[in-house]
Amino acid sequence: MLKVKNFRKKYQQHEVLKGIDIEVDKGDVVALLGPSGSGKTTFLRGLAFLTPGDSGHIEFDDQKIDIQTATSEEIKQLRQKMGFVFQNFNLFANKTALENVEEGLVIGRHIPKAQAKQKAQEALKKVGLLDFQNQYPSQLSGGQAQRVGIARAAALNPEIILLDEPTSALDPELVADVLQVIKQLADEGKTMIVVTHEMAFARDVADKVIFMDKGLVVEQNKPIEFFDHPKSPRLKEFLSRISAATVAHNGFEYEKATIIGNKES
Amino acid sequence: MNISFLIHTFWLAIKAIPMTLLITGASVLIGLPLGFLLAWIKIKKIKILYPLTIIYTSLMRATPMVLLILLFYSTLPSLLNVILNRHLHLEIKIFDVNPAIYAIAVFALIAVANLSEVFRSAILTVDPGQQEAAVMVGLSPLQTYYRIIVPQALVSAIPNIGNLTLNILKGTSLAFMMTVQEVTAVAKTAAAYTYDYTEAYIDIFIVYFILGAILQLGFKFLERYLSRHKVRGTARQGA
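Chains D and X supply the protein sequences, listed in that same order.
Here this note's numbering is used: the first residue of the first sequence is 1, the next is one more, and so on.
Here this note's numbering is used: the first residue of the second sequence is 1, the next is one more, and so on.
Please note that a few of the clues may not be correct.
Unchecked claim - Some chain D residues well away from chain X (every beta-carbon gap over 12 Å; in silico):
1. Asp21
2. Arg45
3. Ile75
4. Val85
Claimed, not checked - Going by beta-carbon spacing under 7 Å, a handful of chain X positions derived as facing chain D:
5. Pro77
6. Ser121
7. Thr125
8. Val137
9. Gly138
10. Pro141
11. Gln143
12. Val150
13. Gln152
14. Lys230
As the list claims (entries may be wrong) - Cβ pair distances, simulated, as ranges:
15. D:Gly142 - X:Phe221: 46 to 52 Å
16. D:Pro52 - X:Pro33: 31 to 37 Å
17. X:Leu217 - D:His110: 39 to 45 Å
The set of hints was computed from the structure by calculation and includes no laboratory data.
Don't be surprised by glycine CBs; every beta carbon is placed ideally from N, CA and C.
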């Protein structure tokens, strides 16, 4: 469904991405791991042209884009197939949770107001926040805000959702709820690319794990193979540093979620 | 203390309030859109226009109001007369133009310069991440501006817009130098006949105090209304 070839990006002299090739099939959940500074976030933002890459090709279904010559029309068309979940939520501060979700439906997709409201409420219900629909972002906790962020992206029913470290800005006890919501999307068959540091989550939910380091894809594999039998020395080192023990003993963080499905506590 | 003069002049001053409000209101209303435009030029650093707006803003903000008024009223009419009538032969009666027009022009120029700075800083307080989020849900840059950024920027701009409006309101008292019949001019003229300056000044003080107080209250309410999304910590129950 999505193919990226030779994606490159430079900041002045510093080469951040040195030619990334990845492929994502429909329904896949791809976890993007790597030490900080490896270019994961830059790559994800580059896919959505938030910080455009310098060169390379993106193929999305039958749309083919040359990054160097991409027109704003092409970018717009590509973005329509994407949802983006930000590390810092980036909710519209002047709008309620419901309005945040509606905004894209009504203005971006031109869906009639009544129908958009219904869709938005459904999306909020899925993330367990229907009771909070009239709250402003300043009244929500980080975990709630991020779930609204996910609902906002998912409500547009994009073909792929890109999640940029969706839980790194959260207090530890709020992480589980957000991961639970993401897992739910995965179970529904949503295609996703998740940049994350949650190893247990990657292991359990992802269909494919990609390890990036210093601007290159070092290794990619199915999660079990990836974590239990890492091949490249760089990945072995990375995994030993974050300590496989934590993964094994802490269990899967999201199983501690306080929300289960649509139930609101 | 000449009480009857005090009361009589007070009513005269009250009747001159519309002129004071007209100059204040018109210059601020002209200043809002133009100030926003200049702020936008500054933020986007648009070629050629950017340095011009910078020069204009710093020049206007560095010049005393009195000087601008004197310059405008003594020089501009003659200058316009020379250009429009002697060279272009348009036969416009420059010297018959209502001095209030000049007053509005001066104060609008001051308002534009100050508001451009107010808006510039206000727009920069809105987290750029929201623009990215807006783009990703399909909003155009223009829609992002007026649906997301401007409503939030306005909230942080309101106190400063209030300050500026108050300053201009007080500044209009200088318009008496342009023979505009506003509050100060009317009271001073009345006092000139009887030499009851103290009473006249008391009247002026009361009128400006009332106007200023109402203005401040109005802006407080406006600020509270516009920042209703900023309520904090009232509803954090649940998950």
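Closest CB of chain X to the CB of Arg45 (chain D) still more than 12 Å away: Per Cβ check, Arg45 (chain D) is inside 12 Å of chain X; nearest 8 Å; violated.
Does Ser121 (chain X) hold up as a contact with chain D if the rule is Cβ-Cβ below 7 Å? violated (17 Å)
| said: Under 7 Å is the threshold here; is the Cβ of Gly138 (chain X) close enough to any Cβ of chain D for the hint to stand? | reply: Where the cut-off is 7 Å and the nearest Cβ of chain D is about 2 Å from Gly138 (chain X), the hint holds.
>> Against the range 31 to 37 Å, how does the distance between the Cβ atoms of Pro52 (chain D) and Pro33 (chain X) compare: consistent or not?
In response: For Pro33 (chain X) against Pro52 (chain D), whose Cβ atoms are near 33 Å apart, the range 31 to 37 Å holds.
Residue hint Val150 (chain X), partner chain D, criterion CB-CB below 7 Å: Hint on Val150 (chain X): violated, closest Cβ of chain D at ~9 Å, above 7 Å.
Does Lys230 (chain X) pass the interface check with chain D, least Cβ-Cβ distance below 7 Å?
holds (6 Å)
query = Taking the closest Cβ pair, is Thr125 (chain X) under 7 Å from chain D?
reply = violated (11 Å)
Quiz item: Does the hinted range 39 to 45 Å hold for Leu217 (chain X) and His110 (chain D) at CB?
Solution: Cβ of Leu217 (chain X) to Cβ of His110 (chain D): about 42 Å, so the range 39 to 45 Å holds.
request  = Classify the hint on Val137 (chain X) as holds or violated, based on whether any CB of chain D lies nearer than 7 Å to its CB.
outcome  = holds (3 Å)
Note to self: Quick check on Gln152 (chain X) please, does its C-beta sit within 7 Å of some C-beta on chain D?
What the structure shows: holds (5 Å)
message: Gln143 (chain X) was flagged as interface toward chain D. Is the shortest Cβ-Cβ separation under 7 Å?
response: holds (6 Å)
task: Evaluate the condition: distance from the CB of Asp21 (chain D) to the nearest CB of chain X exceeds 12 Å.
output: holds (24 Å)
Hint violations for this structure: numbers 2, 3, 4, 5, 6, 7, 10, 12 and 15, all remaining hints satisfied.
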